[in-house]
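Participant: Letter by letter, the chains look like this.
Protein chains: 2
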Amino acid sequence: METVRVELGGRSYPIHIGAGILDAAELYRPHLGAGRVAVITNPVVAPLYLERVRGALERAGAVAPLDVLVDDGEQAKSWGALERVFDALLGARVGRDGVIVALGGGVVGDLAGFAAAVYQRGIPYLQVPTTLLAQVDSSVGGKTAINHARGKNMIGAFHQPAAVIADVGALATLPERELRAGAAEVIKHGFALDAALVEWLEAKLEALLAREPGALTHAVRRSCELKATVVAADERESGRRAVLNLGHTFGHAIEAGAGYGAWLHGEAVAAGMVMAAELSVRAGLLEAADAARLRALVIRAGLPAKGPSMAPERYLELMMLDKKAAGGRMRFILLERIGRAVMRGDVDERLVRDVLAAGAPPASAAAAR
Amino acid sequence: METVRVELGGRSYPIHIGAGILDAAELYRPHLGAGRVAVITNPVVAPLYLERVRGALERAGAVAPLDVLVDDGEQAKSWGALERVFDALLGARVGRDGVIVALGGGVVGDLAGFAAAVYQRGIPYLQVPTTLLAQVDSSVGGKTAINHARGKNMIGAFHQPAAVIADVGALATLPERELRAGAAEVIKHGFALDAALVEWLEAKLEALLAREPGALTHAVRRSCELKATVVAADERESGRRAVLNLGHTFGHAIEAGAGYGAWLHGEAVAAGMVMAAELSVRAGLLEAADAARLRALVIRAGLPAKGPSMAPERYLELMMLDKKAAGGRMRFILLERIGRAVMRGDVDERLVRDVLAAGAPPASAAAAR
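Respectively, the protein sequence lines represent chains A and B. Numbering follows the working numbering, in which position 145 of the first sequence is assigned residue number 145; successive positions increment by one, without gaps. Numbering follows the working numbering, in which position 99 of the second sequence is assigned residue number 468; successive positions increment by one, without gaps.
Bear in mind the hints are in silico, worked out from the structure with no lab data behind them. Positions of the beta carbon are idealized from the N, C-alpha and C atoms, including for glycine. Treat the hints with care, as some may be off.
[Stated by the list, open to error] Label-pair restraints from in silico Cβ distances:
1) B:Gly-714 to A:Arg-337: 55 to 63 Å
2) B:Thr-598 to A:Pro-43: 13 to 21 Å
3) A:Asp-234 to B:Arg-706: 45 to 53 Å
Assemble the whole structure, with the sequences as input and the hints as a guide.
Facilitator: As structure tokens, then:
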């Protein structure tokens, strides 16, 4: 087992990474109080891992851990699902001394983390991510949220977990499509922050996709290290942290435009990154050859390299609603080189339209001109 | 105008107190960014003060401030009301650079503050309290929340305002019943923290209830000073801050048992404080004469000195659900002397039953024995 620490003063926490650590009672024990523990998970993950986690919690001293099941998929990040979680917690009299365990992928983590952020004005929670996406990205950093019909992650909070327990063994049961979606976030970390990780991916992508434990552990550990450094420097995303959103301005528009759940988040980020790299080239920031390396890696990972057919106007409308749009101006995370992402608020809208038109269906593209 | 500061490092903020300061543009200006401003208020407050606040915001540079109206009364602290606020903010494209202004009493402040806490993972907000209760208590300290059918303030966040603008002139239009309910919180601050404030109240209560500006300003300023000191020492209520909940364990049970809105919060706190003082006497902590001074002041203020007729079992059930119940044990804020409240988790339940039975209807009291 390896441990990466996120250094945030009084809110610092460990990320434990290893194979088979999901039921290690000693990893849970330091974070349980006198109160009730509630495990929030979904009907896909529960049959696979719930009993092992319950067992570990009981050995760690938790009395009768409560299970709360939410729907599988992005639609679970909803107002209604959140309310049902609160009903369950209050019905079981989970108090301010209670602890939530988020067992599942990014959706469960975002929803359970947000529930923990606002339940009785905030209680602690543990992230036990069971997807590659959650292990390399969403379980770390304290971003929690639910979606709104008008935009993804519009209602949420920054609420750091007390610990992250990332068992790469749990990835054995992950559907192929979700594994690839998770790889998109590893690619993101490489292109945004670390050229060496990009080179590693170019050498080891097939080992990662074949779920070789060593490759999985390396990808998770390196991603967590990179993310931990950025989060420690800028917890609430007032600046630097925004570079982790590479591919997200286009990606959120793809997810919203296609209807939440139609595209996996990682798939939308993959296509969004390719579009952001193309925009970086058009803006004169990035070499075309480096954008081509991103595109090639995305395609090799079996991920989409372009967005769905939508009129550029629709893309722009959805992108304007992105949380990163400040004062009515869109902000983009662009690449200066591989391993170096920057936030730019001064991108010429015509360049954005050019990128969108290149991927738009012929009729809409013609109409938009 | 007087200004009290809440010292919380990077989250410090001023509380401005004075007559006629509601439309002082210079008090708003430092807190507005480039983004849109949304004023959240209700149909009772809007005709009285919205235009003045809008005018001040416009003079301070805000372009086309958005108005969002929520229902009047405790029922507005609901899930549905919160969702409608988000719909309005997103519909008007309020971004992460937006600012919320909470114009109204405690309900508006709690709801608007919570909306600000979680909208796009948190945006700044200003409190412009227009009731005595909000000016002396709820607008200061960053506690925000909505209610749940199973308990008051169950879903919420600690989110400090950027500033508080407390115009005692706005209290001229406050209904008599609400003025008295606000006085309950001033009495609370005195009995929990400051014997001198209790003596001042015993001398000046009628001047306060007659809305003499000097008396109002003194009550608001002294209450804010006391609360600011406690909040600065314990922002998230891990210890000392809990003494501000004097009367709230009984009070929340009264509010929930009677149905939200039937009792005003201040009325429930008044009766709850008398019950807490009685419990303090039975526990051997407080002199009976001091409990009698509290009771006398509550009655002089035209406030209820006992709770509604409910079986003791029902009280206990509702009290167990209070957020202060930890590990299944009720916690009470008791008085050791006037101006000195303490939190106690070791109160004998029989003493609590005695206090409840003393105020219970004969049949239920008999049944409970």
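Participant: If a hint holds in the structure, say so; if it does not, say that too.
Facilitator: Quick rundown of the hints versus the structure:
{"no.": "1", "hint": "B:Gly-714 to A:Arg-337: 55 to 63 Å", "verdict": "holds (59 Å)"}
{"no.": "2", "hint": "B:Thr-598 to A:Pro-43: 13 to 21 Å", "verdict": "violated (50 Å)"}
{"no.": "3", "hint": "A:Asp-234 to B:Arg-706: 45 to 53 Å", "verdict": "holds (48 Å)"}
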